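S.K.: Generate coordinates for the entire structure from the input sequences, incorporating the hints supplied.
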Amino acid sequence: MASFTPYTYIQCPCHDSTSQSRTADDAPPPTTTLPELSENDDDHAFDPRAHRSTFSLYPLEHLLYCDVCHQIRCPRCVTEELVTIYCPNCLFEVGTSSLKTEGNRLTSDYLHLNKSLTAANRTLTLDAHVAVSNARYVSAPWPSKLSKPPPDPTLLSADSATPIPPGPWVLTCSYCHWNSSEIGVKFDKPQGIFGQLQKLRYGEDQSKHVVSGDTSPTKTDSVPETNKARFAALKSFYGSQTVGANPGAGLSGLGDYGLNSPGALTRIMSIYSGNINGLKPKTKSSVMREADSPNEGFQLSDLDEGAAISQLRRDGWDGTVTGDQAKTQVEEGAQFADQLWPIPYLLRAKRSKRCPVCRHIISKPESKVSNTRWRIRLIANNSIPSISIKPLNPPPGSGLLKPLQPAHFLLTFKNPLFDDVKVTLATPATTPGRFASRVTVLCPEFQIDANPDNDMYLDDVLKDGEKERQRRRGDEGIHQAEAGKIWERGRNWVSIIVEVIPSSLRIEPPPAILVKDGDPEPDLSPLREDEDVLEIPMFVRLEWESEASHDQVGAATSREKDAKEKRELAYWCAIGIGRISQE
Amino acid sequence: MASNTGLASLPHRTVSSIRAGAHSATTPGPPQTPARPISSTFGSPSGSSRVDDDPIVIELGSRKLRLGFAGDAAPKRIVAISPEQQRRTGDFRVWEPDFSSQWRSRASGKPWGADHELWQLDVRGQDLGVVEDKLERELRDALFKYLLVDSRPRKVTLVLPPTLPIPLLSSTLNTLFHRFQSPTISLLSSPVMAAFAAGTRSALVIDLGWHETTVTAVYEYHEVQSWRTVRAGKLLMEETYELLLQAVRGYATMERTEQTEDRLLDESLSFEECEEVATRMLWCKKAARQPHRKTSEEGLATVHEHEEEGEEIPPTEDHSPMAITLNSCKPPKTVEIPFSQLAEPCEAAFFETRLSLSSFDDHELPVHHLVYRALLQLPLDVRAICMSRIIFTGGCSHIFGLRSRIFDEVSIQVEDQGWDPVRGKGSEQCKTNLKLHRDSSRQATKNGSVPVVIQPDMTNGNGEATEPQVKAADAPQEVDHVENLIRKEQNYKPQVQGFLRAIDTLGPWCGGSLATQMKIPALATIDREIWLQQGVNGASRPSEVDIKMGQRQSMGPSGLMRGQAAQPNNWTLGVWGTMF
Ligand SMILES: [Zn+2]
Ligand SMILES: [Zn+2]
Ligand SMILES: [Zn+2]
Ligand SMILES: [Zn+2]
Numbered sequence: 171m172a173s174f175t176p177y178t179y180i181q182c183p184c185h186d187s188t189s190q191s192r193t194a195d196d197a198p199p200p201t202t203t204l205p206e207l208s209e210n211d212d213d214h215a216f217d218p219r220a221h222r223s224t225f226s227l228y229p230l231e232h233l234l235y236c237d238v239c240h241q242i243r244c245p246r247c248v249t250e251e252l253v254t255i256y257c258p259n260c261l262f263e264v265g266t267s268s269l270k271t272e273g274n275r276l277t278s279d280y281l282h283l284n285k286s287l288t289a290a291n292r293t294l295t296l297d298a299h300v301a302v303s304n305a306r307y308v309s310a311p312w313p314s315k316l317s318k319p320p321p322d323p324t325l326l327s328a329d330s331a332t333p334i335p336p337g338p339w340v341l342t343c344s345y346c347h348w349n350s351s352e353i354g355v356k357f358d359k360p361q362g363i364f365g366q367l368q369k370l371r372y373g374e375d376q377s378k379h380v381v382s383g384d385t386s387p388t389k390t391d392s393v394p395e396t397n398k399a400r401f402a403a404l405k406s407f408y409g410s411q412t413v414g415a416n417p418g419a420g421l422s423g424l425g426d427y428g429l430n431s432p433g434a435l436t437r438i439m440s441i442y443s444g445n446i447n448g449l450k451p452k453t454k455s456s457v458m459r460e461a462d463s464p465n466e467g468f469q470l471s472d473l474d475e476g477a478a479i480s481q482l483r484r485d486g487w488d489g490t491v492t493g494d495q496a497k498t499q500v501e502e503g504a505q506f507a508d509q510l511w512p513i514p515y516l517l518r519a520k521r522s523k524r525c526p527v528c529r530h531i532i533s534k535p536e537s538k539v540s541n542t543r544w545r546i547r548l549i550a551n552n553s554i555p556s557i558s559i560k561p562l563n564p565p566p567g568s569g570l571l572k573p574l575q576p577a578h579f580l581l582t583f584k585n586p587l588f589d590d591v592k593v594t595l596a597t598p599a600t601t602p603g604r605f606a607s608r609v610t611v612l613c614p615e616f617q618i619d620a621n622p623d624n625d626m627y628l629d630d631v632l633k634d635g636e637k638e639r640q641r642r643r644g645d646e647g648i649h650q651a652e653a654g655k656i657w658e659r660g661r662n663w664v665s666i667i668v669e670v671i672p673s674s675l676r677i678e679p680p681p682a683i684l685v686k687d688g689d690p691e692p693d694l695s696p697l698r699e700d701e702d703v704l705e706i707p708m709f710v711r712l713e714w715e716s717e718a719s720h721d722q723v724g725a726a727t728s729r730e731k732d733a734k735e736k737r738e739l740a741y742w743c744a745i746g747i748g749r750i751s752q753e
Numbered sequence: 002m003a004s005n006t007g008l009a010s011l012p013h014r015t016v017s018s019i020r021a022g023a024h025s026a027t028t029p030g031p032p033q034t035p036a037r038p039i040s041s042t043f044g045s046p047s048g049s050s051r052v053d054d055d056p057i058v059i060e061l062g063s064r065k066l067r068l069g070f071a072g073d074a075a076p077k078r079i080v081a082i083s084p085e086q087q088r089r090t091g092d093f094r095v096w097e098p099d100f101s102s103q104w105r106s107r108a109s110g111k112p113w114g115a116d117h118e119l120w121q122l123d124v125r126g127q128d129l130g131v132v133e134d135k136l137e138r139e140l141r142d143a144l145f146k147y148l149l150v151d152s153r154p155r156k157v158t159l160v161l162p163p164t165l166p167i168p169l170l171s172s173t174l175n176t177l178f179h180r181f182q183s184p185t186i187s188l189l190s191s192p193v194m195a196a197f198a199a200g201t202r203s204a205l206v207i208d209l210g211w212h213e214t215t216v217t218a219v220y221e222y223h224e225v226q227s228w229r230t231v232r233a234g235k236l237l238m239e240e241t242y243e244l245l246l247q248a249v250r251g252y253a254t255m256e257r258t259e260q261t262e263d264r265l266l267d268e269s270l271s272f273e274e275c276e277e278v279a280t281r282m283l284w285c286k287k288a289a290r291q292p293h294r295k296t297s298e299e300g301l302a303t304v305h306e307h308e309e310e311g312e313e314i315p316p317t318e319d320h321s322p323m324a325i326t327l328n329s330c331k332p333p334k335t336v337e338i339p340f341s342q343l344a345e346p347c348e349a350a351f352f353e354t355r356l357s358l359s360s361f362d363d364h365e366l367p368v369h370h371l372v373y374r375a376l377l378q379l380p381l382d383v384r385a386i387c388m389s390r391i392i393f394t395g396g397c398s399h400i401f402g403l404r405s406r407i408f409d410e411v412s413i414q415v416e417d418q419g420w421d422p423v424r425g426k427g428s429e430q431c432k433t434n435l436k437l438h439r440d441s442s443r444q445a446t447k448n449g450s451v452p453v454v455i456q457p458d459m460t461n462g463n464g465e466a467t468e469p470q471v472k473a474a475d476a477p478q479e480v481d482h483v484e485n486l487i488r489k490e491q492n493y494k495p496q497v498q499g500f501l502r503a504i505d506t507l508g509p510w511c512g513g514s515l516a517t518q519m520k521i522p523a524l525a526t527i528d529r530e531i532w533l534q535q536g537v538n539g540a541s542r543p544s545e546v547d548i549k550m551g552q553r554q555s556m557g558p559s560g561l562m563r564g565q566a567a568q569p570n571n572w573t574l575g576v577w578g579t580m581f
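From first to last, the protein sequence lines stand for chains C and V. Here the working numbering is used: the first residue of the first sequence is 171, the next is one more, and so on. Here the working numbering is used: the first residue of the second sequence is 2, the next is one more, and so on.
Hints are computed from structural coordinates only; laboratory data are not their basis. Owing to the predicted nature of the structure, the values given are computational and were not obtained by experimental measurement. Certain hints may be false.
Said to hold, decoys possible - So the derived label-pair ranges between C-beta atoms look like this:
no. : chain 1 : residue 1 : chain 2 : residue 2 : range
1   : C       : 489       : V       : 320       : 39 to 49 Å
2   : C       : 480       : V       : 231       : 37 to 47 Å
3   : V       : 231       : C       : 493       : 18 to 28 Å
4   : V       : 100       : C       : 574       : 43 to 53 Å
5   : C       : 494       : V       : 123       : 22 to 32 Å
6   : C       : 734       : V       : 123       : 28 to 38 Å
7   : V       : 268       : C       : 229       : 47 to 57 Å
8   : C       : 463       : V       : 335       : 43 to 53 Å
9   : V       : 268       : C       : 681       : 29 to 39 Å
Unchecked claim - Here are a few chain C residues that sit away from chain V, every Cβ distance over 10 Å (derived from the structure):
no. : residue
10  : 365
11  : 466
12  : 467
13  : 545
Built from N, CA and C at the ideal position, the CB exists for glycine as well.
M.R.: Here it is in structure tokens:
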């Protein structure tokens, strides 16, 4: 609790846009006119502690910026496209087409392993892309290595040139030294681990159940045991029933049992439409029956769970699967520790991001998995001022804010733009929520000079110009904690002072004299998480003029046909100043 | 329970006014306006096309979401709603070592376990904006991280519980249409899909869920009716909490905690830990006696549970301590709870056999009574089919012994009371060997606590067909010449009916996956454009449309709205529309 780092969260203007009618692409944000922020009018005030705010607040680093629309873009208001899909463990790149067949986890790792073998010629090449979640060590799926059970490190660290030794192989966790022989999992060969696992688990090659579109009798003879196999059996059953019900519509189409025409099953499903009373099957439907044998996917419930109850008694708390373990399992339903299985790594994707309005790409990674750089990345950090917070006079001792004692903080705004920016700030007089601290921004309007970093050659010129301007503004005399005056100014930054009077955190009913009839019941519940943090909702409006971009979509804001265009951006942010002492 | 009273204030209002009512700070506005004119022509990056045509199937529950591609045998991602996902982006304190020990400050000021729920079924006072935000974040995370899709608009199939209130459905549709640009959303009923995924067309689906247990009769792919009770997961958790709290206190006091604030004391346990214990350690006792049919099969009329493995002590009499380490109380404590005690929460939550039937309100009927009532109210032929197709679904169905207990209790009631809604013939015969509480429960039935149908009237005073549930019950089964014809068909097998039988399902999600892949028309399909223009107000009640079309609630043709876009009034929200 003692350490507290001040922070700034920004609310992306896209929040709740579903309930705000905003139509034009780059129309100014809905709050171009500053909201009246008096104590009486809290209708529009932004409460950073409100539940909904949680979902729309972002640290500046998480935000992108569309430089065509001149608008902030958060993860909720960009459209994403896949660039590369890969295994985060070995960086193996997975073709997007194979996702369809393999799903979101790397399952057929045969090729994959071979690639790993040749690519890296040192010890860990037999990475099986299988994370192990075992009974005792669950929190994170540690990468495990495939190794030979007898401690024979020489073989493992051998080059790929060395012939692969014969099995059996086990999965080991280098972190806790657990190995899969504990659960009886051993492999004949160090390839196709997922397939071998499936085989071990279900005792047979499951792939034959998964074959779809085939209703030949040889398939239906086998009794499906896995859900996957039952699913396939059901599908095949429904398919055969549809064909039987309407031979004409039967297999005319390719695949999908000829169900490309939605007519077939529609009819079956609707045959019984109408009144349920006195309902009689019609002739046509009668040929469609229900599944009634296991090879059609039908299964009676086994309600006798006496064995499971006995196991629960015998194995106790430690024998059961923890919630975290159950969540990480690929298949649902494990209840005892011995039902846990190694899990393959979840694949990850590199994505590029577009502005949904103008469709420009605002973020694009290098497509190679190993290259972590970006081709395009328009981060908001480069377009809107950052705000840093520090106490004017560092409070002694705990660093906590003392209730009811005024404290001053320096807010430093740094302008990343190459244009001067006019900043207008607004805060409610008191913070929203149960504990209302008073907030005063001494200087709510100021100008920040342009970021000169772009051009060293111009630097000196600018510096002179800057001084000139400062002189003109008459705010050269710095360090004034006075209303309307900035505290300090730098080349592209300005510090201002915010005075806060932290509220007391005591939870007590309001004095009876202040309670009116019909007032809601006072909330006397104990202090909530972060309720002791003094967080200031601050509305920031930026105005600047910049070069008119010609490829601009609907540049409605340009008034004069000048080269300069007036721009405006406004958003709420939440500024975490410090924790209030609970004394 | 989302009762009619809860919804009564909401019908025929715009979503915005619903929102405004729910949370005054939300700026009301016409929800019909799209966020931005996002064209449906999303650029398709060359090559990176993952199953472009496979719709995404989403099963929605109060606690969990299941997501995956149509045609897959299992969902790719099962989301458990958790408070960790409801923190600000960039807040990494979840990973700090003392995070879980600080659960009290996070739980303060909220209903118990609220952060683990997507929504409450009672929409009063609920901020639907928060529901949308939660849902959006979970969907985005699941779709991008686990399904590895891009942002291109995709068709979505929603598998929904039958009792979902309209405002929640509306929020869900808003989220999918506005935030994910789905071109169309199809709605499927989760009990119907449970039956579909069991290979049957009819079933009695017992969904042991979180907020409530619902019993839904499905007949020929139609939801005939739903009954519900609050005896479900949430109540079970309350009972587990009390069990654990007493263990922590060393069984000193039997006082129960009523206030949420009382659950933030040092000795209190976190919701998370209670749930962990509940999912890992609870089990359910057998019925006080086994139903006759079963015992006669075994040849022995065993009275009490001296069953199978003879040497073992029956679990109910096993008082050997089970050590459970609890970390959320201060200080952490390892409690020892007798094994037999671990069956008590189930008794209290689902059965409450100590109390007489008359002491229960309709919404808190013990599960086995609810199932029996459901069967009792069904028309004879529907009942005969449904009783042989009992399907258990829902999170609580995984508790060891619970399904068989419910099944046996229902069997016993059928044996004792038969199917006479007033007084069973069988009850006369069994009178002598009945227990006291059974007697009183029968008494209650006799005293005219006539089973009340919870599902609202489907036709709402259109004068048409408020189908009485029992009307056909006494209609004798007549020999049908059509049936004789059928028999000649090769494919024909006589329908199993007339006795209680439980069957297994792959679950509603799988049903939805299969149905979507096989292009079975949904209960309702909603087009994005129409939703954006009209919102929930545009939906006709299914009854209105269906009467015009001469059919009711059909799962059937023309998807109720597609192809009828020219008459924009003729689209519905399927059975959910009747919740108005
Ligand atoms: Zn955004
Ligand atoms: Zn890998
Ligand atoms: Zn390990
Ligand atoms: Zn843009």
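S.K.: If a hint holds in the structure, say so; if it doesn't, say that too.
M.R.: Hints and how they fare:
Checked against the hint of 39 to 49 Å, the C-beta distance between residue 489 (chain C) and residue 320 (chain V) comes to roughly 19 Å, which is inconsistent with it. One distance hint, 37 to 47 Å for the beta-carbon pair residue 480 (chain C) and residue 231 (chain V), is violated here, with the actual separation near 31 Å. A hinted range of 18 to 28 Å holds for the C-beta pair residue 231 (chain V) and residue 493 (chain C), which are about 24 Å apart. The hinted range of 43 to 53 Å is not satisfied by residue 100 (chain V) and residue 574 (chain C), whose Cβ atoms lie roughly 31 Å apart.
A C-beta distance of roughly 31 Å is found between residue 494 (chain C) and residue 123 (chain V), which places it inside the suggested range of 22 to 32 Å. The given range of 28 to 38 Å is broken by residue 734 (chain C) and residue 123 (chain V), whose C-beta atoms sit roughly 56 Å from each other. Hint check: residue 268 (chain V) to residue 229 (chain C), Cβ distance near 38 Å, so the stated range 47 to 57 Å is violated. Separation of residue 463 (chain C) from residue 335 (chain V) is about 49 Å and conforms to the stated range, judged on CB atoms against 43 to 53 Å.
Checked against the hint of 29 to 39 Å, the pair residue 268 (chain V) and residue 681 (chain C) passes, with Cβ atoms roughly 33 Å apart. Residue-level check passed: residue 365 (chain C) sits 17 Å from the nearest beta carbon of chain V, beyond 10 Å. Under the 10 Å C-beta cut-off, the non-interface status given to residue 466 (chain C) relative to chain V is violated; the minimum distance is some 6 Å. Distance check on residue 467 (chain C): its Cβ comes as close as 5 Å (rounded) to a Cβ of chain V, failing to clear the 10 Å threshold; non-interface status is violated.
With a closest Cβ-Cβ approach of about 14 Å to chain V, residue 545 (chain C) is found to remain outside the 10 Å limit, as its non-interface label requires.
Of the hints listed earlier, those the structure fails to meet are numbers 1, 2, 4, 6, 7, 11 and 12, in rising order.
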